[in-house]
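Student: Okay, here's what each chain looks like letter by letter:
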Amino acid sequence: MSAAQQVVKRAKYKTTVKDPGHKHTKEGSNKPPWLNLVHSQGSYIFEFESFPDLHVCRELVGIALSKHVETTKVVSDEQLSAAEMTLRIKLLQENSKLQKLHKELVASGKLTESEFWATKKKLLDQDESRKLKQRIGFKNSLIFDTKPTSDGRIFALKPAVHQAFLNFVPSKMSEVDFWNKYFKAEYIHSTKNTIAAAAEAAEDEDLAVFLKDDEILENEARKKVRRVDPTLDMEADQGDDYTHLPVGIRLRKFCFTISNCSRYSANGYPEGIGEITELDHGIFRDGSKETSEAQNTLYRRTLLQDLNRQSEVVLEGKTLDIDTEHPRTVAEVLARRKQESDGVIEEERRNRISKMAQIEDLQAQDDHPFAPLSIKDPRDYFDSQQANAVKTLDDSLAGKETLRCNLSSEQVYGSLRKSISNIKTKGLKDPLLSPEVALKVLSGLTKNISSTKSNLGKSSQESVLDILPSTIKEKLLDARRLKDAISQIDSKLEEIKVSAKSDLRHQVSLVVHPMQQALEAALLHYDADEKKRSAKVPKPNGYV
Amino acid sequence: MASVPSKHYTDDISLLVVTLDTNPFFWSTFSFHFSEFLSQVLAFLNSILLLGQLNQVVVIATGCNSCSYVYDSSSDRNHASTNGTMPAIYSNLLHNLDEFVAKDQQLTTAHKPGTVPSSLLSGALSMALCYIQRAFRAGPMHPQPRILCLHGSTDGPEQYVAIMNAIFSAQRSSVPVDSCYIGSNNSAFLQQASYITGGIYYRPPQLDGLFQYLSTVFATDLHSREYLRLPKSLGVDFRASCFCHKQTIDMGYVCSVCLSIFCEHHDKCSTCSSVFGQTQSDVASADSRKRKAS
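Going line by line, the protein sequences match chains G and X.
Position 416 of the first sequence, counting from 1, maps to 416 under my numbering, and the rest follow consecutively.
Position 283 of the second sequence, counting from 1, maps to 283 under my numbering, and the rest follow consecutively.
These are computed hints drawn from the structure, not numbers from a lab.
Cβ coordinates follow ideal geometry from the N, Cα and C atoms, glycine included.
Take these hints with a grain of salt, some might be off.
To be verified - Rough simulated footprint, nothing fancy, chain X against chain G, three-plus residues with beta-carbon under 8 angstroms: (1) 376-383; (2) 422-428.
As the list claims (entries may be wrong) - Listed next, the in silico DSSO-like pairs over lysine-lysine satisfying Cα-Cα at most 30 angstroms (straight line): (3) Lys426/G / Lys103/X; (4) Lys418/G / Lys103/X; (5) Lys100/G / Lys121/G; (6) Lys483/G / Lys232/X; (7) Lys355/G / Lys224/G; (8) Lys440/G / Lys426/G; (9) Lys447/G / Lys232/X; (10) Lys112/X / Lys376/G.
Next comes chain X alone, as it looks inside the complex (with noise of 0.2 angstroms):
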């Protein structure tokens, strides 16, 4: 990656990317309601841009079947048909927002009935770093971005390559994620990701007060974050697990092409389709430490 240009960076105005869960089945079987959940979030986004007069904020929606910028606070092209009830931010995002979940329904692919579709998380981190990676290179001055994932659906495992890159990534531009899960269960991707880029990962178990654990954990800037004490991610136990017996293991075979883990040799990588090499069995207990998995 090409290096940032040293810039800079600016104490506590903050660039705040915000991906919004808008996978409507997850919301239809959940009890807390969307509009509800908006509404909260809208205040929240408000009071960022009202925390201070150079703060920013993007959202990024993340349906199902794809993901769009639906606001951005920089952008001239707001069009502020306000009808006088609600402040311009609100109605551009919920416009916004409302064509790009038409345009999400038509997009919509057969899934299996009965089941919820995962929301595209990936995509809409690799949109928010995208933005930021963007927002490093014009200007002399930036402020600290950061990306705010709010979701409730359940995690994709078929994104899990997609998403382990974004953060990585993340993690490299030194960007925090930050993910308030709302769903019922951890997600783990959104634990990953806080826990790798050094952001905040925390679960509100009081959903009606949404607003205020966002305004409490979530609105403080980078630079106020040295000062406070913020909910702590436990520490994640990401120990490995083989592919083959899905066991618990602190020793194994990693597959050299796929890094697939396996608790004992195979021939061939049930993952890749590679072939291994001919394992030297007779010197097998020096050999295979160097194939360790830690």
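So here's chain G without its partners, still in its complex pose (with noise of 0.2 angstroms):
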């Protein structure tokens, strides 16, 4: 080994040409720790003390072997990330075949390593997607393995004592307290005496917790329930038809598909117990049939109960990696992850329900043509309408005189710039202006706005009145308002004529008398009008 740090570690070493697929022995397995080593006549095959010491050694060849096979290669470009480089060689070293294949074809030079590697790019893709999905589960024998291990199996499978470890310990009992209690009342459950089990539970209230039906789990059966994917998978297949199962692996394989596909538990059962109780009806936890009275069975479990629940903790997996620590941060940790996995969970099966919402054949059509809009010369749009506007309201039809400037940008800015320090030095001018120009804008603003020449006959909606402010033209707009003031002010000026004294009467008649002939006019005019536009019957759409 020329790796840069040593190992040692004490083997026995054999060698042999059997069994040249296997690296190592998997722990756990019956076989003592075995590395094997492959090379091009056989295989080594170490026999370690234990499993650990495997390990250390399996990772130092593992780099090993990879700095061998770059410094080999060195007609390949291309850098390899460690993770690529250990696949490719326990690729090599799972399979045999392919192992031969490479000696062949890379080793003689025929292919360079990438190039061998980019045919075989499906095994190295399948193995990375096989990593992803596997996890290391629990031992399959969570409910009779019931010592206080500290790596909180009981508090997987337990949600109920879990909480009840992070509530009570060590604020209201010690550990061993606890742990106590705990047996105590697995023992009174495994005595399936849910008559006694009442009688403890009323007197000691902590051991009723462990007594009482898990709280937590029902919580979650619910949730789950609520949580079920509402689309239907018609990709299920006849692995999934369980009927023709005997009993017992119908039992083992409705657990499973229970606990891993909520969908079965569409029923409304929480954990697909209604089923299972259909199955096997009576089967509890000893065997016997179901005597007791009603009032207890919040003290009994069921085996099956039992069985879900383990299965579904099994299969969901440890999520612990850290070794034997204090019971109390295994709880913690426990608790943590279990809140955010929940979430996890929950979003996936928001994006699940908005992918499966969409109904293929109800959505549109998308598969229009479609092009960029490239409009060559926006310019047009402005000539198209405002030359119109810009010839006729000039006064001047001489069109656009267009302003030359030939100095440079420089020059430009320059004095833009002088201007405003100009300003910045010695302030605004002062006066700001001359009283004669004051005048001058006064009188010009004046005869702009009571002029109406521009304003009349320019379109026939607009009037006198338009020019006048908004508020005084609604009162005005009212035609027969304006009569009734106008035939007031007719009488009123009568008023006026026959109140003055004789003498006067004359030269106020004079001043008057005009005034009212002309609102006579503009009555009987008015009266005129009306009359005609009522006699046009037929009126034509939006005519006024």
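Two chains, each in its own frame: build the complex with the hints.
Tutor: Here it is, written out as structure tokens:
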């Protein structure tokens, strides 16, 4: 081993040509810790004293091998990550055929390393996906293996115990007391004496926590029911058809499918307890028939519930990587994990629903051909519309005189900045404008405002009233009211004429009479107009 | 557009967004000097703020390469570096304006020598509208916003689409665009903008009395305008003319893709190169009426 670090482990060693596919034996299998190193002539098998030793050496070998391969492939210019490299080595070691092929092609120089692996891309990907999916589960011996191990197995299986541990230890009772209580409760369960269980629970409220049905479990079950995927999986295959299997396998299969795919609990039963009790009715933890009173059902647990829960936890997998630590920390870590995973599941579910909610047949077709809009010259629009406006509005029809500027940009910017700094230093012009200019502006504005010349006749809808402020205009708009006002003024004028003293009457009437005449003429005109209007019966739509 | 939440509108408090033409090419050719223009405008802005404690003034400089906010009376970032000779509003604005002009100069791109590039009115209008939209959404009460364009340089036809979009968006959020055009010819853009949004378009004939025009015509808040008689924009002739011959037409063909107007049928749109379908020339008279432009 030419690695930078050296590891010394004791190992027995033998040479063999048998069983070349396996690299090392798995922990937990019956075989002793062997490491198998394959080389061109055969392989060496090392037997270690313990599995940790094996793992240390395995890693080292992996690194060394990858270095070795790297140094051999000088031709290839690609840079590979260590993960990629170990993956390739692993594939070669697992697959003797592939290894042979690799030796033939690459070692002989027919193919470069990268070319070889390009054709085997599928294999690499496969391994990648396999790695992603597989998680290490719990050992399938949870229920009966109830030592207070600190790897959180009990916590995972029984959330109520987990919660109780977090609540009670160490504030209310010591750890030892806690586990004592727990196993006492377990013992009472195992006696199947529901009456005794109820009695014990009544005496000790802490103990009752363990004896009652797990509320958290129920809540979770309810939550899961609510989370059921409302979509139908049409890809169910024969493997999902469990009815032809013998009852024992059926049960296992059920446990598996129920805890694996929440869609099967769509009937509303938490975790499919309903289905299983129908299948194997009456199997309780001790195999006895259901006899107890209904009121004690609270303290009764069925084997099926336990089985379901266990299979769920086993499949959920061991989410704890920390080795033996204090149970308190384990409990806390587990609690945190749970919260995190709940959020992820909820999000996944929402994503899935949003994806499935779209029904293909009902979607609008989006295969319309499209092309980006390319306007050749946006100026055309301007010319088309504005040319007219400018032409008619400018008093002189000479058109636009184009401004000419022969100064460079430095010059113009310079002069602009100079005028800014001018104001900065000198301040505003004082006085801002001379009285003569002010008068000119005022008279000009007044003339502009009072003149109706430019407004009248331009468009038929506008009238003199339009130039008045909107409030006054509204008041005047009603012609009837206008007429009333005029006739009022008319009668007032008449009053003025009559009320005047006789010697002044003539002069007053001289002033008033033309005004009165004009008003009367206007009234006459209005009446005639109204008559004419009402005579025209079929009005065109929108005509006022 | 998301509807602006209903708020309590104040009657006579103004949020005045002023766009200031700082096109150096225009000012260097124009008879009215920029410093004089600026001093009249500054006095006007100050008077707006003095009219009401809650009035707000925002100034946007409109260069020919860029636009920028140069003054906001509500901003705290106005560093009061007064030398005592003038109010903070003047020194802040002038300081920012100077910086803006320097930046604008760095962005200068080559243009046809001898011509005057147009100012970026579309950009300034958009910025003003953005500011107003923000004001709409902030706080429980807000003043009635309006935009005042102080412009002199000629219209840039290439900005037409952008400016029209800005105008329509102003119309939709009922923000009047007042225009005080100081150039020698009328600005079709600003006429259109004021006409559509219900603002005032005015071209002061006496530029040395600019302050008086501004304070008598453009200082009136939206509430007071109901009771005052202000210079009314003359009816603007916005009849369309065709793209092909520039003739005013009452009826014509409109491209359904880009809305170009033609006086006669074409096989292909000259503006956006869309290929037109076959016209039913057999049933022409009845059918072509449907494609008419008003």
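Student: Holds or violated: the stretch 376-383 of chain G covered by chain X, criterion of 3 or more residues with Cβ-Cβ distance under 8 angstroms?
Tutor: Held - the stretch 376-383 of chain G has 8 residues with a Cβ nearer than 8 angstroms to chain X, which meets the minimum of three.
Student: Would you check the hint for Lys447/G and Lys232/X, treating anything up to 30 angstroms between C-alpha atoms as holding?
Tutor: OK: Lys447/G and Lys232/X at ~12 angstroms, within 30 angstroms.
Student: Take the C-alpha atoms of Lys112/X and Lys376/G, compute the straight-line distance between them, and say whether it is at most 30 angstroms.
Tutor: holds (20 angstroms)
Student: Would the pair Lys355/G and Lys224/G pass a check requiring their Cα atoms to be no farther apart than 30 angstroms?
Tutor: holds (20 angstroms)
Student: Hey, Lys440/G versus Lys426/G, does the alpha-carbon distance stay inside 30 angstroms?
Tutor: Distance ~27 angstroms between Lys440/G and Lys426/G Cα, so the pair holds.
Student: Counting residues of the stretch 422-428 of chain G with a beta carbon closer than 8 angstroms to any beta carbon of chain X, are there 3 or more?
Tutor: Since 5 is at least three, the answer is holds.
Student: Do the alpha carbons of Lys418/G and Lys103/X lie within 30 angstroms of each other, as the hint requires?
Tutor: holds (15 angstroms)
Student: Compare the distance between the alpha carbons of Lys100/G and Lys121/G with 30 angstroms, and conclude whether the hinted pair is satisfied.
Tutor: Roughly 17 angstroms separates the two Cα atoms, so the pair holds.
Student: Is Lys426/G within 30 angstroms of Lys103/X, Cα to Cα?
Tutor: Holds. Lys426/G to Lys103/X sits at ~24 angstroms (cutoff 30 angstroms).
Student: Would you check the hint for Lys483/G and Lys232/X, treating anything up to 30 angstroms between C-alpha atoms as holding?
Tutor: holds (27 angstroms)
Every hint, counting from the list given before, is met by this structure.
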